[in-house]
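Peer 1: Here are the chains, one letter per residue:
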Amino acid sequence: MRIARLGAAGLRFGLRRARLSVAAVSCALLLGCGSPPLTNADGLLVLTDETPTGLDYDGPSAAIPQSQTGIVNLMEPLIDYAPGAVNDSGVRIPDFTRFEGRLAERWDFDAARGVLRLHLRRDAVSCAGNPLTAADVVYTFARAKSVSGAAPIGWFLANAGGVADFDGDVFTDPAARTLGDEVRAIDRHTVEIRQGQPNPLLLPVLTTFGLLIFDSVEMRARATEDDPWSHDYANNAAPPSFGPYCVERWVRSSELVLRANPHYYRGAAPIARIVIKRVPQSANRYMIMRMRQAHVAERLTPREVAAIEDVDGLAVRSVQGNESLFLHMNFATPPFDDPLVRRAIAAAIPTRQIIRNGYFGAAVPWTGVAPSSYPGAASGAVTTDDPARAAALLAQAGYPGGRGLERYPDAFRLAYVAEREAVLGPIAASLQTALRRLGVPATLDPIPSAQFGDRQLVKKDLPFALNDQEKPVVVDAGYAAQLFFVSASAGGVNNMVNYANPALDALWARARGETDRVRRTALIQDIQRLASADVAWAPIVEYRTHWVGDAQVQGWSWRPDNALRFYDLRFAP
Amino acid sequence: MIARLVLRRIAIGAMQMAALAALVFFVIRLMPADPAARFVGLGASPEAYAAARATLGLDKPLLAQFADFLGFGAARGLIDGDLGRSWVSGESVAREIAAALPITLELVACGVALAVLAAFPIALLSARRPGGGADRAVLIYGLFAGSQPEFVWALGLVFVFFAQLGLAPGPLGRLSPFAEPPEPVTGFMTIDTLLAGRFEAFSDAVAHLALPAATLAIVLSGPIIKMLRDSLGRALKSDHVLFARASGLSENRVSAIALKSALAPTLALIGILFGFMLGGAVLVESVFALGGLGQYAVRSVLAFDYPAIQGVVLTIAAVSLLVYLITDAAQALIDPRVAT
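Sequence lines, in order, name chains A and B. The first sequence: position 275 = 275 (my numbering), numbered continuously. The second sequence: position 63 = 63 (my numbering), numbered continuously.
Just so you know, not all the hints are guaranteed correct.
[To be verified] So the derived label-pair ranges between C-beta atoms look like this:
no.: 1; chain 1: B; residue 1: 50; chain 2: A; residue 2: 227; range: 16 to 26 Å
no.: 2; chain 1: A; residue 1: 122; chain 2: B; residue 2: 54; range: 38 to 48 Å
no.: 3; chain 1: A; residue 1: 224; chain 2: B; residue 2: 81; range: 48 to 58 Å
no.: 4; chain 1: B; residue 1: 27; chain 2: A; residue 2: 227; range: 44 to 54 Å
no.: 5; chain 1: A; residue 1: 491; chain 2: B; residue 2: 29; range: 44 to 54 Å
no.: 6; chain 1: A; residue 1: 422; chain 2: B; residue 2: 29; range: 23 to 33 Å
no.: 7; chain 1: B; residue 1: 196; chain 2: A; residue 2: 313; range: 28 to 38 Å
no.: 8; chain 1: B; residue 1: 144; chain 2: A; residue 2: 88; range: 42 to 52 Å
no.: 9; chain 1: A; residue 1: 98; chain 2: B; residue 2: 27; range: 34 to 44 Å
no.: 10; chain 1: A; residue 1: 224; chain 2: B; residue 2: 183; range: 24 to 34 Å
no.: 11; chain 1: A; residue 1: 422; chain 2: B; residue 2: 109; range: 52 to 62 Å
[To be verified] For the chain B half of the interface with chain A, some residues (derived, Cβ under 8 Å), not all of them:
no.: 12; residue: 49
no.: 13; residue: 51
no.: 14; residue: 141
no.: 15; residue: 144
no.: 16; residue: 145
no.: 17; residue: 149
no.: 18; residue: 171
no.: 19; residue: 177
no.: 20; residue: 182
no.: 21; residue: 186
no.: 22; residue: 296
no.: 23; residue: 304
Source of the hints: derived by calculation from the structure; they are not laboratory data. Every residue, glycine too, gets a C-beta built ideally from N, C-alpha and C.
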């Protein structure tokens, strides 16, 4: 009898569940469910075009901006730039003239010995619950010097900051990959970093994503015989650190869910949970924002941003940061070895039209060769928007009306990153039209970003290209100059247009070791003027970095890596 | 007889997979770029570049790389069932494919199932009265549905049902963003939510699958209806069906007999469409942010991620061969002449 009753109860339960499921399926199939209204209680929903591909800054995907977003919200720097003013769009900009402590609460620099002494906080605790010690800093630099990851970003930045013995020997001599006393623990909470030669970039590089501090206890616990520096764990699970957030869930190509680090030394984050959701189509991110089904959307096209400006309850946040567009002309490819041709092409650039039709007004003309927001940036003298001058210069170069340029059809294949078609396609078309009016046989050549990177950075054989991806991560015009314009033989890094000017190299040799700020700035500005006079790049515009956010979201801030800092955000009460 | 067919197909499939493995390995290395560049974007010194090439194994001779890929080098390889590690993410390719494949299989299976469910009654209605109003409407629908790219349907459905009517959830993946996904068992969200006894999440998963599956169903139903309608038309005129009708069987019974005859070629088409959609559903996956195999394939190709490309090609080939095998076996069951 009891069994029968139990059976009947079970049957009723099963039928109820079945009815529920049938109802659920019917509801869904009839599309009657829709989306529940978005609430702030669940956390912050961020829509982006790609979620982090990896989370190790020495890993294979550290150069991908979305990976950097994950890294900078999980890890913590020794020092950072102090907050500066809030711009007219409600975004706080760092004050690049002042540093403030993060994991290092204070520091002093012994100029005679070239030693930076850092005094670490005693209250910083990692997501794993381990307190910060000097061993964590030493481990971080030792790992960088091991160049054991897929990309030696940590080593590169330490090298750029002039840390002693972080030189190219690490790639040829395994013994050089072991950390010596150039970074050493003095006591449990004091560390010294020694420079090989004077270099003013040491503090700036410590603010970047490539030298954030690992929790060495957790990293060592995750090490294996094959992977002693725990690249696999840091890249594919989470980089253990002392940052404001910890990884709650991460599904590649789908979502990254962050949970506030309860031990964070600046206090737990105001928004406890962040869901970064991948929505590849910018049109869908735009539509979801308009339907108020998300709090923040990144990387909308300029047209979509312009269309959302007047939507009630949404706010466009933007900053004139370090994103720019320039025209790449390779000195190694004729006729771009002719300065007159370079100036003619630059003069033909329809900058005003590009600002109006490509960026919908959210850009300003750029004449320099380093981001104008960076200390030491100088404006240049490249002329654009002047077709008459362009025609005259072409004639002077021996190509009146473009006649003779047909000998170089491959040189005028205007390459750009195909994945950026929505933004760069219309701009490339405007430029092509302007050039063709002058008789320049320009054609369009959108290519995948990996191919673009290979030809630009490694083969350096890209003749003619539109580039909007170069953002020097270290905030310094000198660093930008070293990165792009100094010859390889003089310490240049990725001089992708094969530009060589001995006078500029000589200026760099003087500037790199100059510790007097005023004298160094003057030298760096001379470098920029030289590069500008030679049209090393043809600068076009500096465009605004945008986010679209729910009006309730406040506390926006910008950093040179263009990654949002979720710790700064909060919901309006 | 069917067992022999299956064994023969498995043997041929194994040879095809071996040839494909070699082909894809060498063909992708003809692509006009060097994947090492992407790694060293920030510090592209010659030393760093050389280090990246060594890390990827690209500094070795091509045949040595091939031996490594197959598993004859120091590390595990294809013969050990190891597809290597993605150069983009550093994660195991097999693990990444295992996460992406069920999403695509679930989408394609639901899309094909909806298309077939819609196709059978429509094709029957059309074939019973050739040249009638229903037949003409089906012809127009078949031409129209099949001629529109799937992303047009996808964006249109999102615009109407999400943005205008507010009936469907936003194109935000397989579940609502703040929903807790179930512990993966099969990787199929609908099945895993049911296995976890989470009916609310199941409803959410079905709601998020409805528009993408409907998109595929609209696109796929065109050719399926056309094939089924033509086959049915021929079957309804065949001798054995005429005999069945002359014997006084009911129209439904006659239709059932004709349908059995028309099923074999339609099954073959469904198998081909299923295999094609494993990689071809990429645009639907992209619009609905599903993160399936198609999107993984595109990402891998754009990044010149050789291990991931190899893994995707071999996986799609293996699943396609399996689907073809199943449809061939089903055809053989319906019509034993196929197995000979």
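Peer 1: All the hints need checking, so say for each whether the structure fits it.
Peer 2: Here's how the hints hold up against the structure:
1. B:50 <-> A:227: 16 to 26 Å: Given a distance of about 21 Å, which is inside 16 to 26 Å, the answer is holds.
2. A:122 <-> B:54: 38 to 48 Å: 42 Å, holds
3. A:224 <-> B:81: 48 to 58 Å: 21 Å, violated
4. B:27 <-> A:227: 44 to 54 Å: 31 Å, violated
5. A:491 <-> B:29: 44 to 54 Å: 34 Å, violated
6. A:422 <-> B:29: 23 to 33 Å: 31 Å, holds
7. B:196 <-> A:313: 28 to 38 Å: Hint holds: Cβ distance 36 Å, inside 28 to 38 Å.
8. B:144 <-> A:88: 42 to 52 Å: With Cβ atoms ~50 Å apart, the hint holds.
9. A:98 <-> B:27: 34 to 44 Å: At roughly 55 Å between Cβ atoms, residue 27 of chain B and residue 98 of chain A fall outside 34 to 44 Å, so the hint is violated.
10. A:224 <-> B:183: 24 to 34 Å: At 26 Å between Cβs, range holds.
11. A:422 <-> B:109: 52 to 62 Å: Cβ of residue 422 of chain A to Cβ of residue 109 of chain B: about 32 Å, so the range 52 to 62 Å is violated.
12. 49: It holds, given that the least Cβ distance between residue 49 of chain B and chain A is near 6 Å, below 8 Å.
13. 51: Holds. Min distance 5 Å.
14. 141: Not OK, violated: residue 141 of chain B not within 8 Å of chain A, min 20 Å.
15. 144: 22 Å, violated
16. 145: 19 Å, violated
17. 149: 14 Å, violated
18. 171: With a closest approach of 5 Å, the residue 171 of chain B hint holds.
19. 177: 5 Å, holds
20. 182: 12 Å, violated
21. 186: This interface hint is violated because 16 Å lies over the 8 Å limit.
22. 296: 7 Å, holds
23. 304: 5 Å, holds
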